[in-house]
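Number of protein chains: 2
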Amino acid sequence: MAQTQNIERLNNLTINEMDDEDVVDPWTVSSKSKTGLDYDKLIKRFGSSKIDDELIARFEKVTGQPAHHLLRRGIFFSHRDLHNILNLHEAGKPFYLYTGRGPSSDSMHIGHMIPFMFTKWLQEVFDVPLIIQMTDDEKALWRDIKIEDAMQMAYNNAKDIIAVGFDVEKTFIFNNLDFIGRCPAFYQNMVRIQKCVTYNQAKGIFGFGDSDVIGKITFPSIEAAPAFSSSFPFIFGKKILPVLIPCAIDQDPYFRMTRDVAARLKLPKPSLIHSTFLPALQGAQQKMSASDPNASIFLNDTPKQIKNKINKYAFSGGQDTVEEHREKGGNTEVDISYKYLTFFLEDDARLAQIKKSYESGDMLTGELKKIAIELITPIIQRYQERRAKITDEVMQQYFAIRKLKYNYD
Amino acid sequence: MAQTQNIERLNNLTINEMDDEDVVDPWTVSSKSKTGLDYDKLIKRFGSSKIDDELIARFEKVTGQPAHHLLRRGIFFSHRDLHNILNLHEAGKPFYLYTGRGPSSDSMHIGHMIPFMFTKWLQEVFDVPLIIQMTDDEKALWRDIKIEDAMQMAYNNAKDIIAVGFDVEKTFIFNNLDFIGRCPAFYQNMVRIQKCVTYNQAKGIFGFGDSDVIGKITFPSIEAAPAFSSSFPFIFGKKILPVLIPCAIDQDPYFRMTRDVAARLKLPKPSLIHSTFLPALQGAQQKMSASDPNASIFLNDTPKQIKNKINKYAFSGGQDTVEEHREKGGNTEVDISYKYLTFFLEDDARLAQIKKSYESGDMLTGELKKIAIELITPIIQRYQERRAKITDEVMQQYFAIRKLKYNYD
Chain A
1496 MAQTQNIERL
1506 NNLTINEMDD
1516 EDVVDPWTVS
1526 SKSKTGLDYD
1536 KLIKRFGSSK
1546 IDDELIARFE
1556 KVTGQPAHHL
1566 LRRGIFFSHR
1576 DLHNILNLHE
1586 AGKPFYLYTG
1596 RGPSSDSMHI
1606 GHMIPFMFTK
1616 WLQEVFDVPL
1626 IIQMTDDEKA
1636 LWRDIKIEDA
1646 MQMAYNNAKD
1656 IIAVGFDVEK
1666 TFIFNNLDFI
1676 GRCPAFYQNM
1686 VRIQKCVTYN
1696 QAKGIFGFGD
1706 SDVIGKITFP
1716 SIEAAPAFSS
1726 SFPFIFGKKI
1736 LPVLIPCAID
1746 QDPYFRMTRD
1756 VAARLKLPKP
1766 SLIHSTFLPA
1776 LQGAQQKMSA
1786 SDPNASIFLN
1796 DTPKQIKNKI
1806 NKYAFSGGQD
1816 TVEEHREKGG
1826 NTEVDISYKY
1836 LTFFLEDDAR
1846 LAQIKKSYES
1856 GDMLTGELKK
1866 IAIELITPII
1876 QRYQERRAKI
1886 TDEVMQQYFA
1896 IRKLKYNYD
Chain B
1496 MAQTQNIERL
1506 NNLTINEMDD
1516 EDVVDPWTVS
1526 SKSKTGLDYD
1536 KLIKRFGSSK
1546 IDDELIARFE
1556 KVTGQPAHHL
1566 LRRGIFFSHR
1576 DLHNILNLHE
1586 AGKPFYLYTG
1596 RGPSSDSMHI
1606 GHMIPFMFTK
1616 WLQEVFDVPL
1626 IIQMTDDEKA
1636 LWRDIKIEDA
1646 MQMAYNNAKD
1656 IIAVGFDVEK
1666 TFIFNNLDFI
1676 GRCPAFYQNM
1686 VRIQKCVTYN
1696 QAKGIFGFGD
1706 SDVIGKITFP
1716 SIEAAPAFSS
1726 SFPFIFGKKI
1736 LPVLIPCAID
1746 QDPYFRMTRD
1756 VAARLKLPKP
1766 SLIHSTFLPA
1776 LQGAQQKMSA
1786 SDPNASIFLN
1796 DTPKQIKNKI
1806 NKYAFSGGQD
1816 TVEEHREKGG
1826 NTEVDISYKY
1836 LTFFLEDDAR
1846 LAQIKKSYES
1856 GDMLTGELKK
1866 IAIELITPII
1876 QRYQERRAKI
1886 TDEVMQQYFA
1896 IRKLKYNYD
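Protein chains in written order, with my numbering: chain A, 1496 to 1904; chain B, 1496 to 1904.
Keep in mind that the hints were calculated from the coordinates and are not lab data.
No false leads were mixed into what you were given.
Note that the list lumps identical chains together, so a pair holds whenever it fits in one copy or between two copies.
Simulated crosslink set (DSS-like; lysine-lysine; CA at most 27 Å straight-line): (1) Lys1698 x Lys1641; (2) Lys1641 x Lys1764; (3) Lys1761 x Lys1641; (4) Lys1884 x Lys1802; (5) Lys1733 x Lys1641; (6) Lys1641 x Lys1734.
All chains, please: the whole structure from these sequences, using the hints.
Right, dumping it as C-alpha cells:
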C-alpha cells in the first residue's frame, strides 16, 4: 500500500528524548547542563547538517552581503538542504520563506523575536515572499482555550511580529482558524498530506498517545501545508516554488515529516535553517518561556523592568567574591547576560573585547549586566515605538488575501 | 482532563460486527441471512429506538400529512430523539435537515435515491432548510483517488441528487474539498469537535487502526460539523437550531459520536431517522452497490437494461416449477422484485393484493417481475428527464453560499 511505504523511514525520526539529559520536541525544550543543550549532538540525532564556516562563506558570496551575526555566531546553527536555496538564488530562480508562531496570551518575549529578526534579514537579502502562519488552532487543541480567544491571541501576536519590521508588500500573515476557511487550495493540500501519514508515523515522530484528541493527530498536516506553494494560489498562481523555513530546532519534526510527504507528492522538499534557543534569565538549562514572567524579558517590559530582571535574575558566570573574580575571571559559557549579548550585540569586535575582559576578571558581573541592560533596553524601546503604530488596520493589510509584489504568472 | 471524561461512554459504542452474521458500519454492510439484516437486532445493538405505529401516528398528527410509504412500511425504521423534532414542529419552532453522500465515480443507483426521496418529503412536510454534504474528502482519503477527481465525482453526484427534486430556495449543497475553504465557521467547529474526541474513542467507534492515515482519524469531525447550525452562519446567523438527520443506519456511528460531542459543547444533540438498505438484485444479503453493475439498477440505465437486469438477476422467491409455485406460492420475504415494490409502489392496497396473489401462487415470478419493471422504468425515466436539465449553472445555484428563504435573524 502506498501509505505504508515510508513507515520505516518516518519511524526512525522519533521524538527526541536525547540519550542523556536534553529534551527537544515541539512541546518541551530542556537540558540538565549549565551550558544548555548540546546542539552538536542534536544535529546528529535529528540528522540535519551543521552550518560551518564554508557554508557561511558561500552564503556571503551568493547574497553579496556579510552574514547576519546570528548566522556568524552559530545561533542559526543547523540546516537541511540550504545549498539548494543558495543554488536557486545564484541561478536567479525564485523561492519563498515560511515561518510561524504558536500564539500565546502573554506578550511575546525577546526570545520570540530572534527567528523573526533573522527571517526579516533573510527576506531582505534574498528579496523573496514571506509567509507567516499563526497556529491558533494548535493552541485551541493543546490548551484549555476557546476558539475565539485563540484567534485573538493570534491577532495580538501577529501585531508583535509585524513590529519587527516586515514589508507588507512581500509578507502574508494568516491564522489557521480564519484562513483555512478562506482558501480551498490550503484545505486540499491538508488532505493530500493527511493521506501520506499514518497514525503510527505521527506517533513515532511526535510522540502522540492513544488518549490524545484527534485534532492533535492531524495538526502536523496543517503546519506542513504552507511548505507547498500550491497552498497559496493567490500568491504563487500555478507556479511550484521551493521554500526555505527558518525556525527554532524544536519545530524540525514537523518538517522532517513534511520532507517525506513532499517526496511522496513529487513536490520540492522544504529547506530548513534552524536556530538555537535564547536561554531563560535563570540559566541555559531552560529556554526563555512566556509562562514564567521572571524568566523572560517581554517585548512590553518597561526599562525599569528590564533593568530589574537582568540585575536580579540573569544567571551570572562570575565568581562569588570580587577578589575571586579578579583572580579567576568570569565564565561566558554560562553567563546569561553575556549570552544575550551574543544574540543582540552586532559588533563582533566589541563582543570579543567584552568576552576577553570578563573572562580575565577585568570586567565584573555588575558591569557586564549594565552593558546588557544598555544594549537591550533601547532595542526594546525602538521596537515598542514601532509596535504602537500597528493598528488593526495595519494588521489587516498583512492578513489580506492578495498577490504580493512578485509576479509568478 | 476534560477530554477523557466521555471515554467510557464513547467506548461502549463500538464498531458493529454483530454477534452473528450481520456487519453494519460506514464501510461494510452485509448479512448471511437470505432475508437480509436483522434490523431489530441492529436497533438493540446501536441503542436507537424503533419507529412504531404510535410514533407514525404522532408523525401524521403533528404534520397533518399521511406518513410517507417508506415510513409506513418500516423502511425508515429507527430513530434517535425524533420526538424532540415533532415537539419543535408542533410548537412552531424551527429546525433543519442535514444529510449527505460519499460521492462515487459511477452513476448513482436506485438505492441511493431512497434517502433523498424521503428527505425531500421531510423537507416538504416540515418546510425547513436542508443541508447536503458531499464528502469528497472522505473518498480522497479512503480510496486511491486524486483530489480533483473526488471533487468532480461530488459535482456529478450532486446533480444526480438535485434531480430528485429539491427546492433551490430551501436547499444548500456543498462539497468539503471546496466548502471547508470558504467558511471559517465550519473549520472552527471542526476544531471544536476534534478537541472532544480522542484517538481511542475514534478507534472504538469506527474501528480505525494504527496504520490508518491521519486524515481518516479526523474525518468524523467533518461529518459531524454540519449537525451544528453554527457551521453555516450565512444561513442561520447566530441562531442555534436543532437538526434532524435522515440517513441509512450505517452512518449512525458518526452521529452517536456527534451526539456525545454536542453534549460536551452544550449544543442540541442531533435527532436521527434511519433507513434500511435497498437490497442488491442478487438478494438481501447485500445492499445494492455501485461497484457491481449487475447487482444494481442505475439512475442512468435504459428501459432495456432495467428490464434485462430484473429479469435476469432479481432473486426470486418463487418455486422451481410452475406446478410447485401454484401449489406452495412465492416467498415475499426473499423475493427482490417484491422488495423493490415495497420501496417504490406507493399504493398500499395494490401492494397487499400483489403480496397475496404471489404468496398464494396465483401470481408467477415472471408476472411479479413485469410489475416491478413497469413500476421502476417510468420512475427512472421521469428522473432522467429532470436530470437532463441539471446543468452546471443549475448546480451552482444549490452550491452558492447564501441565505435560504428562511429568516433566522
